[in-house]
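**Student:** What follows is each chain in one-letter form.
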Amino acid sequence: MTDVLVLVEGQGSVPTQNTLELLGAARRLADATQGQVKAVVLGAAPTPLTAGLFACGADQVLRAEHPLLDGYQGDVYVAALTQIAGQAEPQVILLADDSCGKEVAPRLAHRLNAGVVTEVLAVEGDGPAVLFRRQMYGGRTIATLVAQRFPVVATVKPRTMAPASELAGRTGEEIAVALTLETSLVRTKVIQKVAEEVRGVKLENARVVVSGGRGLKGPEPFKQLEELAQLLRGAVGASRAATDAGWVPASWQVGQTGKTVSPDLYIAVGISGATQHLAGMTGSKTIVAINTDPDAPIFKVAHLGIVGDYKAILPKFIEKCKELT
Amino acid sequence: MHTIVCIKQIIDPEIPADQFKLDPNSMRQLRGGLSLVISAYDQNALEVALQLREKGGGKVTALCLGESGAVGAIKSALGMGVDEGFLVSDQPLLESDPCGVAHVLAKAIQKIGVPDLVLTGGVSGDTGDKVMGPLLAEALGLPCVTFVSKVEVKDGKALVRRIVEDGYELVEAAFPLVASIISDDSNVPRYSKLKDIMAAAKKQVPTWKAADLGLEEARVGAGAARLQVRDVSVPQRESKCEILDGETPEERAERLALRLRELKVI
Ligand SMILES: Cc1cc2nc3c(=O)[nH]c(=O)nc-3n(C[C@H](O)[C@H](O)[C@H](O)COP(=O)(O)OP(=O)(O)OC[C@H]3O[C@@H](n4cnc5c(N)ncnc54)[C@H](O)[C@@H]3O)c2cc1C
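Sequences listed follow chains W and H, in order.
With my numbering applied, the first sequence covers 1 to 325.
With my numbering applied, the second sequence covers 326 to 591.
Source of the hints: derived by calculation from the structure; they are not laboratory data.
All C-beta atoms in this analysis are idealised placements derived from N, C-alpha and C, irrespective of residue type, glycine included.
Where hints are given, some of them may not hold.
Unchecked claim - Cross-link-like lysine-lysine pairs, in silico, PhoX-like; alpha carbons within 25 Å at most:
{"#": "1", "chain 1": "W", "residue 1": "Lys202", "chain 2": "H", "residue 2": "Lys589"}
{"#": "2", "chain 1": "W", "residue 1": "Lys193", "chain 2": "H", "residue 2": "Lys400"}
{"#": "3", "chain 1": "H", "residue 1": "Lys400", "chain 2": "H", "residue 2": "Lys528"}
{"#": "4", "chain 1": "W", "residue 1": "Lys193", "chain 2": "H", "residue 2": "Lys482"}
{"#": "5", "chain 1": "H", "residue 1": "Lys380", "chain 2": "H", "residue 2": "Lys400"}
{"#": "6", "chain 1": "H", "residue 1": "Lys475", "chain 2": "W", "residue 2": "Lys189"}
{"#": "7", "chain 1": "H", "residue 1": "Lys589", "chain 2": "W", "residue 2": "Lys300"}
{"#": "8", "chain 1": "W", "residue 1": "Lys322", "chain 2": "H", "residue 2": "Lys527"}
{"#": "9", "chain 1": "W", "residue 1": "Lys193", "chain 2": "W", "residue 2": "Lys322"}
{"#": "10", "chain 1": "H", "residue 1": "Lys479", "chain 2": "W", "residue 2": "Lys189"}
{"#": "11", "chain 1": "W", "residue 1": "Lys189", "chain 2": "H", "residue 2": "Lys482"}
{"#": "12", "chain 1": "W", "residue 1": "Lys316", "chain 2": "H", "residue 2": "Lys589"}
{"#": "13", "chain 1": "W", "residue 1": "Lys285", "chain 2": "H", "residue 2": "Lys482"}
{"#": "14", "chain 1": "W", "residue 1": "Lys300", "chain 2": "H", "residue 2": "Lys528"}
{"#": "15", "chain 1": "W", "residue 1": "Lys189", "chain 2": "H", "residue 2": "Lys589"}
{"#": "16", "chain 1": "W", "residue 1": "Lys259", "chain 2": "H", "residue 2": "Lys475"}
Unchecked claim - Rough simulated footprint, nothing fancy, chain H against chain W, three-plus residues with beta-carbon under 8 Å:
{"#": "17", "segment": "186-193"}
{"#": "18", "segment": "230-243"}
{"#": "19", "segment": "269-276"}
Start from the sequences and build out the full structure, keeping to the hints where you can.
**Tutor:** Here it is, written out as C-alpha cells:
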C-alpha cells in the first residue's frame, strides 16, 4: 500500500498544470498499490480548490491555513510539510520540480530522514516496490531507482507526465490540519521579484519555440528570433551558452538546468545540440535545426534541417512564413 | 568573510555522445581516457566566492569528497585562486547517497569551522542531482537559498539573486548561509594564471578519512542509501533528419517554410 502525499496549488478553483501532472502520477501509483492520494493545500486562507482536487484523483485534501503560509517561503513550507507528513505518514511525497520543489524537497527529506530523488520522469509501483525513473549524465541515460525504504520525497519534472483526468462529481474527505508555525522560523526574505517581460506566450506553454545559441554570436540576432516567434505565436528560448553570455535572461534557458519544453515546433538556431540542451526539448513534435556544421549533434534529433548560416536563412524564412501564415 | 565551496570532480560532461560509455556492472560512466573536471556549476560557485573575496576580503576554502585523484580538483581550485583546500577521500564514503554525502561534507565543514557562506553547485554535472545545497543547509542547521547566480553583501547581510521560472528574486538572509549556484554572465569561471597553477602544484592538501570526521556510520556508505539504482539504459536516438537543399540559403529557407506548411506545423 503506497499512500502518496502531493503538494498542490491552483489559481482560484483550478489546479495548475504542474498539480494536474502530480495528481496523475500519484493516482496511477496509488491505484497500482491500493494506496491513497492525499493532496496538501497550503495557504493563508481557504481556497476553493478542494472539489477540483477530488475530481482529479485526490482521496483526501489536507488543508493547512496559516498567516505565515501567504505565498512561498522555504523555511515555513518545510516546517509545514514536515508536520503534515508526520501526521499523514505517506510512503511517497511528490512535489513539482519547480523553484519551490527543488528547494523544499531535499530539506523535507532531511527532516523526515527520507530519501530524495529529483527530476523524476515516471513513478511506478512494482509489487510492493516503488520505482522512480530519471535522466542522468545530462540526459545520456535513463536510470531506474528503487526505494529501499520509505518515505521518499520526489520532485516531478514538469511537462513529462500525463496529467490527471478529471472525473466530475468524484468526492473525498476534506481535513483541516492545525500547524504550529512561528515567525522565528523565517530566515530568508524575498525583497524584490523581477519578472522577465513576456511578450506573447510563456516558454513552457508555447506551441512554438524558437531558440538561439552561441552561433548567434551576440544579443542582436535574438530580435530576429523574437520576430519569428511572434509571427508563429510562440516564445523564444536559448541554450546555456547564450544565457551565460548574458545575451538573454537566464529564465529563457532550455535544457537540463533550464526549462523542459515540448512544443509542436522547436526551431534551434546556432545550437550544437549538447546532450544537456537536448534533455529539455526532445519531447518536441517537430524539431528544426539551422546550423553551419553538418555534423552538429542537433541534426541527430532534428526532423528538418538546413545546413547554413542563419544570417542568410532567417530573413527569407521569416518572409516566407509571413506569406504562408 | 569566509566561504567554503563544495566541489565535485567528474568526467567532462560535455563530451560528444559517441565517447560516452557505461559500465554495465556498476551502472556508472566509464572514465576511459576522458578528462576530469570540476563539475560545471561548482566552478561558477568558486567564481562567486572569489569575487566576494575580491570585493570584501576574507578567505575561500575548497572542499571535495572524492577518490584520491580528486586532489586534482582541489589543485584546480587553488589554481583559480582559492586560499586552501581539503579533500575527504575514503572509498566506502563514495558509495553514500546524497544525504550521506551531505553528512560527510557537513562534518568536514564543522571540522574546518562553519564559515559565513557555504556554496555548492546548483546541479551536478554527472548525476544531475540538485539537492546538495539544501541537504547541507539542513545538516548544518543553516538557512538556504537555491539556484543563486549572484551574492552580494549589504549591511552585513547577504543579498542574493535567485533564478526562478519567470525571472529572478532578490532574497535577503543573514549569515551564515548556504547557497546553491547556477550560472549567468556574472559568474563565468575565470581562467587560472600559469603562476597560480605552479604555486597550487606545490601546496599541501590535507586529506581526511571517515575516522577523522566523527561520522555517524548509519548515515553513510552504500548500506545507508535510501534509493538504489536498479538499471540504467542509454536511449538510442534514430536519426531521420531531412536536410533541405537548394542552390542558395534563401532557397533552402523557402523550402523549409513550405515543408513546414505542408506538414501543417505552421
Ligand atoms: C550540468 C550541466 C548542465 C547544463 N545545462 C544546460 C541547459 O539546461 N541548457 C543548455 O542549453 N545547455 C546546458 N549545458 C551546457 C551544454 O553542455 C552546452 O555547453 C551548451 O548547450 C552549448 O550551447 P550552444 O549549442 O549554444 O553552443 P555551442 O555548442 O558552441 O554551439 C554553437 C553552434 O552554433 C553553430 N553556428 C555557429 N555559427 C553559426 C551561424 N552563423 N549560423 C548557424 N549556426 C552557427 C555551430 O556550428 C555550433 O553547432 C549544461 C552543461 C552542464 C555541464
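**Student:** A separate judgement is required for each hint: does it hold in the structure or not?
**Tutor:** Results of checking the hints against the structure:
1. With a C-alpha separation of about 22 Å, the suggested pair lysine 202 of chain W and lysine 589 of chain H falls inside the 25 Å cut-off, and the hint holds.
2. Restraint check for lysine 193 of chain W and lysine 400 of chain H: not satisfied, since their Cα atoms lie roughly 38 Å apart, outside the 25 Å limit.
3. The suggested pairing of lysine 400 of chain H with lysine 528 of chain H holds, with an alpha-carbon distance near 8 Å, which does not exceed 25 Å.
4. A distance of roughly 18 Å separates the Cα atoms of lysine 193 of chain W and lysine 482 of chain H; the hinted pair therefore holds under the 25 Å criterion.
5. In summary, the hint linking lysine 380 of chain H to lysine 400 of chain H is supported, as the alpha carbons are separated by about 23 Å, within the 25 Å threshold.
6. A distance of roughly 16 Å separates the Cα atoms of lysine 475 of chain H and lysine 189 of chain W; the hinted pair therefore holds under the 25 Å criterion.
7. Between lysine 589 of chain H and lysine 300 of chain W the alpha-carbon distance is near 22 Å, which keeps this suggested pair within the 25 Å criterion.
8. Proximity of lysine 322 of chain W to lysine 527 of chain H is assessed by CA-CA distance (about 63 Å); at most 25 Å being required, the pair is judged violated.
9. With a CA separation close to 36 Å, the supplied pair lysine 193 of chain W and lysine 322 of chain W exceeds the 25 Å bound.
10. Note on lysine 479 of chain H and lysine 189 of chain W: the hinted pairing holds, with a Cα-Cα distance of about 14 Å set against a maximum of 25 Å.
11. Of the pairs offered as hints, the one joining lysine 189 of chain W and lysine 482 of chain H holds, with about 11 Å between alpha carbons and a cut-off of 25 Å not exceeded.
12. A threshold of 25 Å between alpha carbons decides the hint, and for lysine 316 of chain W with lysine 589 of chain H the separation of about 19 Å falls inside it, so the pair holds.
13. Of the pairs offered as hints, the one joining lysine 285 of chain W and lysine 482 of chain H is violated, with about 47 Å between alpha carbons and a cut-off of 25 Å exceeded.
14. Annotation: proposed proximity of lysine 300 of chain W to lysine 528 of chain H is violated, straight-line Cα distance about 46 Å (limit 25 Å).
15. Between lysine 189 of chain W and lysine 589 of chain H the CA atoms are separated by roughly 48 Å; this puts the pair beyond 25 Å, and the hint is violated.
16. For the hint pairing lysine 259 of chain W with lysine 475 of chain H, the CA-to-CA distance comes to about 20 Å; that is within 25 Å, so the pair holds.
17. Using a Cβ-Cβ cut-off of 8 Å, 7 residues of the segment 186-193 of chain W lie near chain H, which meets the minimum of three, so the contact claim holds.
18. Counting residues of the segment 230-243 of chain W whose C-beta sits closer than 8 Å to any C-beta of chain H gives 3, which meets the bar of three, so the coverage hint holds.
19. With 3 residues having a Cβ less than 8 Å from any Cβ of chain H, the segment 269-276 of chain W passes the three-residue criterion, so the hint holds.
Going through the hint list in order, the structure does not satisfy hints 2, 8, 9, 13, 14 and 15.
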